[in-house]
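Q: Sequence:
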Amino acid sequence: MKIIIDTHTLLWFLNNDKKLSKKAKKIIENTSNDLFISIASFWEISIKLSLSKLVLDIPFKLLFDESEKLNIKILHIKKEHLITLTELPFIHRDPFDRIIVSQGIFEGYVIISIDKIFDKYKIKRIW
3 MKIIIDTHTL
13 LWFLNNDKKL
23 SKKAKKIIEN
33 TSNDLFISIA
43 SFWEISIKLS
53 LSKLVLDIPF
63 KLLFDESEKL
73 NIKILHIKKE
83 HLITLTELPF
93 IHRDPFDRII
103 VSQGIFEGYV
113 IISIDKIFDK
123 YKIKRIW
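If you're matching positions, the sequence shown starts at 3 in the numbering used here and goes up one per residue.
To be clear, the hints were calculated from the coordinates, so they are not data collected in a lab. It is possible that part of the hints are untrue.
Stated by the list, open to error - The calculated BS3-like cross-link candidates involving lysine-lysine, where the alpha carbons are at most 25 angstroms apart (straight line), are:
(1) Lys55 with Lys28
(2) Lys81 with Lys55
(3) Lys28 with Lys118
(4) Lys21 with Lys63
(5) Lys4 with Lys24
(6) Lys118 with Lys71
(7) Lys20 with Lys50
Claimed, not checked - Estimated spans, in silico, between C-beta atoms of each pair:
(8) Asp96 with Ile76: 13 to 21 angstroms
(9) Phe92 with Lys20: 31 to 39 angstroms
(10) His78 with Ile116: 20 to 28 angstroms
(11) Lys20 with Lys118: 14 to 22 angstroms
(12) Thr88 with Thr33: 33 to 41 angstroms
(13) Pro97 with Ile128: 17 to 25 angstroms
(14) Ile128 with Trp45: 33 to 41 angstroms
(15) Thr33 with Phe62: 20 to 28 angstroms
(16) Leu64 with Leu90: 17 to 25 angstroms
(17) Ile128 with Glu70: 33 to 41 angstroms
(18) Phe92 with Asp67: 18 to 26 angstroms
Bear in mind that the values here come from a model prediction, so they are computed numbers and not experimental data. Glycine included, each C-beta is placed from N, C-alpha and C at the ideal position.
With the hints as extra help, turn the sequences into a complete structure.
A: Laid out in structure tokens, this is it:
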């Protein structure tokens, strides 16, 4: 299965946070899954760090290494993702979530996220 991991999902997994569902944890740990994280997630994290709205246990630059160790590939933003983004109904205002949703729709990937608002879009969400 090809999966995009939402921002909070990655952070909760790395911190072994109890907010992460058992199902999400099992999927991330299953090496037969093809895991991706949007570059927008790293952008979101960097902004939250700059605004002191987030504290990490490790330096930001090590998040890339930690993701790589877990075989999580970075999903860069393509023009097709942006075209898909312009076609999304404006249900959700968060720009990072909207690009993740558009990437999921265009690529046909499942998204692992606690955000139920994603269900209003034409994607499959697992939690």
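Q: Taking the hints in turn, state whether each one holds.
A: Evaluation of the provided hints:
1. Lys55 with Lys28: It is violated: about 28 angstroms lies between the C-alpha atoms, which goes past 25 angstroms.
2. Lys81 with Lys55: This hinted pair is violated, its Cα atoms lying about 30 angstroms apart.
3. Lys28 with Lys118: 19 angstroms, holds
4. Lys21 with Lys63: 24 angstroms, holds
5. Lys4 with Lys24: 18 angstroms, holds
6. Lys118 with Lys71: 29 angstroms, violated
7. Lys20 with Lys50: 21 angstroms, holds
8. Asp96 with Ile76: 13 to 21 angstroms: Holds, at about 20 angstroms.
9. Phe92 with Lys20: 31 to 39 angstroms: 33 angstroms, holds
10. His78 with Ile116: 20 to 28 angstroms: 24 angstroms, holds
11. Lys20 with Lys118: 14 to 22 angstroms: Between Lys20 and Lys118, where Cβ atoms are some 19 angstroms apart, the hint holds.
12. Thr88 with Thr33: 33 to 41 angstroms: 36 angstroms, holds
13. Pro97 with Ile128: 17 to 25 angstroms: With a Cβ separation near 23 angstroms, Pro97 and Ile128 satisfy 17 to 25 angstroms, so the hint holds.
14. Ile128 with Trp45: 33 to 41 angstroms: 23 angstroms, violated
15. Thr33 with Phe62: 20 to 28 angstroms: Given a distance of about 26 angstroms, which is inside 20 to 28 angstroms, the answer is holds.
16. Leu64 with Leu90: 17 to 25 angstroms: 33 angstroms, violated
17. Ile128 with Glu70: 33 to 41 angstroms: The hint (33 to 41 angstroms, Cβ to Cβ) is violated, given that Ile128 and Glu70 are roughly 22 angstroms apart.
18. Phe92 with Asp67: 18 to 26 angstroms: Since Phe92 and Asp67 have Cβ atoms about 36 angstroms apart, the given range 18 to 26 angstroms is violated.
When held up to the earlier numbered hints, the structure conflicts with 1, 2, 6, 14, 16, 17, 18 and fits the remainder.
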